[in-house]
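Here the protein sequences line up with chains A and B, keeping their order.
By the count of this note's numbering, the first sequence reaches residue 430 at its end, each step adding exactly one.
By the count of this note's numbering, the second sequence reaches residue 430 at its end, each step adding exactly one.
Note that these hints are calculated values from the structure, not bench results.
One thing to keep in mind: the hints can contain errors.
A pair holds if it fits inside one copy or across any two, identical chains being indistinguishable in the list.
What the hints assert, rightly or not - Once the Cα atoms are required to be at most 20 Å apart in a straight line, the calculated DMTMM-like pairs of lysine to aspartate or glutamate come out as:
1) K122 / E337
2) K105 / D125
3) K122 / E83
4) K122 / D322
Fair warning: this is a prediction, and the values are worked out from it, not measured in the lab.
There are 2 protein chains.
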Amino acid sequence: MARRLDCREADFEASFAALVEERREETHDVRDTVSGIIARVRGEGDAALVDLTRHFDRLELTPATLRVTGEELRAARDACTPEDLRALETAAARIRAFHERQIPKDERWTDAQGVRLGMVWKPIDAVGLYVPGGTAAYPSSVLMNAIPARVAGCRRLVMVAPTPEGRVNPLVLAAAAVAGVDEVYRIGGAQAVAALAYGTSTIRPVDKIVGPGNAWVAEAKRQVFGRVGIDMIAGPSEIVVVADGGNEPAWIAADLLSQAEHDTRAQSILITEDAGFAARVEAEIERRLETLSRGAIAKESWRAHGAVIVVASLEEVPALVDRLAPEHLELAVPDAEAMAARITHAGAIFLGPWTPEVIGDYVGGPNHVLPTSRTARFASGLAVHDFLKRTTLLGCDAASFRALAPAAGRLARAEGLEAHALAVEGRLVE
Amino acid sequence: MARRLDCREADFEASFAALVEERREETHDVRDTVSGIIARVRGEGDAALVDLTRHFDRLELTPATLRVTGEELRAARDACTPEDLRALETAAARIRAFHERQIPKDERWTDAQGVRLGMVWKPIDAVGLYVPGGTAAYPSSVLMNAIPARVAGCRRLVMVAPTPEGRVNPLVLAAAAVAGVDEVYRIGGAQAVAALAYGTSTIRPVDKIVGPGNAWVAEAKRQVFGRVGIDMIAGPSEIVVVADGGNEPAWIAADLLSQAEHDTRAQSILITEDAGFAARVEAEIERRLETLSRGAIAKESWRAHGAVIVVASLEEVPALVDRLAPEHLELAVPDAEAMAARITHAGAIFLGPWTPEVIGDYVGGPNHVLPTSRTARFASGLAVHDFLKRTTLLGCDAASFRALAPAAGRLARAEGLEAHALAVEGRLVE
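My request is simple: use the sequences and hints to build the entire structure.
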């Protein structure tokens, strides 16, 4: 059973604070290993990729076979069932439509002093997308990372995915094709991140790298940050489900388990005002843990990190949720919209009992790459914005320059920057 | 003299590529020192701050005197000249007006399937602003970092600034007051970053830390990233000035020097189609270097990192500029707007000969915290967006759920996530 917190108990605040502070990240010290791998790829290029892939993925490549061919991509697509492909395309269309709403507009204006001002958005040229191998190779993640880049207008979208012993997930390659990925390379780990950041003879470098990965990949992204942009370093997934006693316990149990099955370090939290309902959900979870294919993982997650919080009234929920700042927040309550309006910190909110978080994982439209580990306090889910950058514009004529110059010159002098002051003053004396 | 590159010379591409790849960052290995300081602040709180401030800033504090009082802030303001204060207020008003245009709108809509969708923006609760001590304590930077946070609606804005031997810059404190900073602490270095990230008895923790700093501050920000958000790690400043032969050489020389005087690692690059004009600018720079108060710094910057690029035609400029991806781009050419429209990678663009970059440093309105070291390929200047985060919303009713459920269930099964599939399928059988 997961821990139970009851807001009427004296130790509630202490228990809740402990829950908020609980860290679920693994800390591997892979810093030196990773910096060694990056140095090798920078120094030896393709030869290092071939050698490291032989070592880590037990796969024999040459520079010519690093890249997955168009023929292989078509073959992968043909290996998928029509139903799976249709589901992928449904998901892609909905994700694309949602993200198209995010495209910010350029703005230009002239202010009362006659100064021309503006902000214009431009796409990042080339983006690299890391896709993990093995059981974490999710076609849905390919869509969620690649489509916003495509919508932003990035010119070159490069995917890297390790294929240990040559094994590929056809649906991952199909997702790459559906999302419009331009190049796919069968490499992974820190070596793939290094290749994307620095380039090799075969792989041209990119400007930003996104996508999830293990501790080595995360550390490699940290180390190449600055040379290229990176997205967030994601922690284990989490959900808070707020459900009043009127819900079907089996539905809520299923939603909590869908998070728990991801990872033993995932976290599922139920908040309800109805202790009897909480008990029915817990019983349903216990029952299902026995039969789920990933029951062992889900059980460890639920036992170690799960929690059931019983509140006196749903009025208390927004304050508690904001302290948890969850990645996913499901509001299975009568007026979900009203409660959502009172929440400040959450990556994504799912409104009402007919919106299981799983809909958002695949076909809802909003991105499923979301801030974990309470980072929703300051961070947002992946979006078109992550593949754009903004340039500001400033234009004075002689008159508006003269209006602004005295204040600029004054502040330059106050900061002791004489050359700054002269750049202004020199134009005033002409 | 700075290096000269001429596009008609055979080695131009090699020289230009070397210029693009040149790195000007200092690399101090302060990782272990910084992690030690952070651990001390986490463990000992205020006592560590007092001890480290005694050591690094030669200043004796107590937990009660860590914070700058309201009276001290008022006294600092009174110590400034009315002209300086008016200039600060002019700058603040223009910066505020520009950043108010950046506030993104919430969006809600219902799509053709009846799915409710949305994106809402909320401010980060508490923000910490690092202000360096000594010569780099710029009141303009206080405005540029604090005002966007205030415009975003952050509830709590905390500034830290070291005051070695107790020395304060009154205009920096006045800028904090003008910008609406809520709390000011006289601490700096990695210990100040740690206090902002983890909190002490006296200083409540924040959610995000912004602002420039030395190598120790930058490393501390890197190490607390994840616990809190951080802004970019800024490198040395840089400018590219594109000026045709019709410009006044003295103006362009002044603009190049205003960048060079920042730092010996700063970089100023002139691009022109007129070799004679280039020579006149160079001569003017040499002349001014002899008299400038920061001439020694500017001279080292210009000699080591400056460059003059002579092109055959201004038509070549956009492609060259995009490869440099400069922080600041000044376009002193007849049709600056048309040239700006052809540039993809630049932090901020200054249009026409009456817009010296210095106007943008202080009173233009756009932010002067901008991406350096070619990171304008993937990053943007500081903005209101950096103090907001986005929550996505998804809401299905029974009908729209049934429309989306089959594709979601199919993809969940394809990914081997049974509990995900059951969360969908369980609602279909009811």
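Okay, the hints, checked on the actual structure:
In this homomeric assembly, K122 and E337 come within 20 Å of each other (Cα to Cα) only across copies, at 16 Å, whereas the closest approach inside a single copy is 34 Å. In this assembly of identical chains, K105 and D125 lie within 20 Å of each other by CA distance solely inside one copy; the values are 19 Å within and 27 Å between copies. Taking identical chains as interchangeable, the C-alpha atoms of K122 and E83 are never at most 20 Å apart, the minima being 37 Å within one chain and 39 Å between chains. Within a single copy, K122 and D322 get their C-alpha atoms only as close as 34 Å, which misses the 20 Å cut-off; across copies the closest is 12 Å, which meets it.
Violation of the numbered hints given earlier is confined to hint 3; every other hint is satisfied by the structure.
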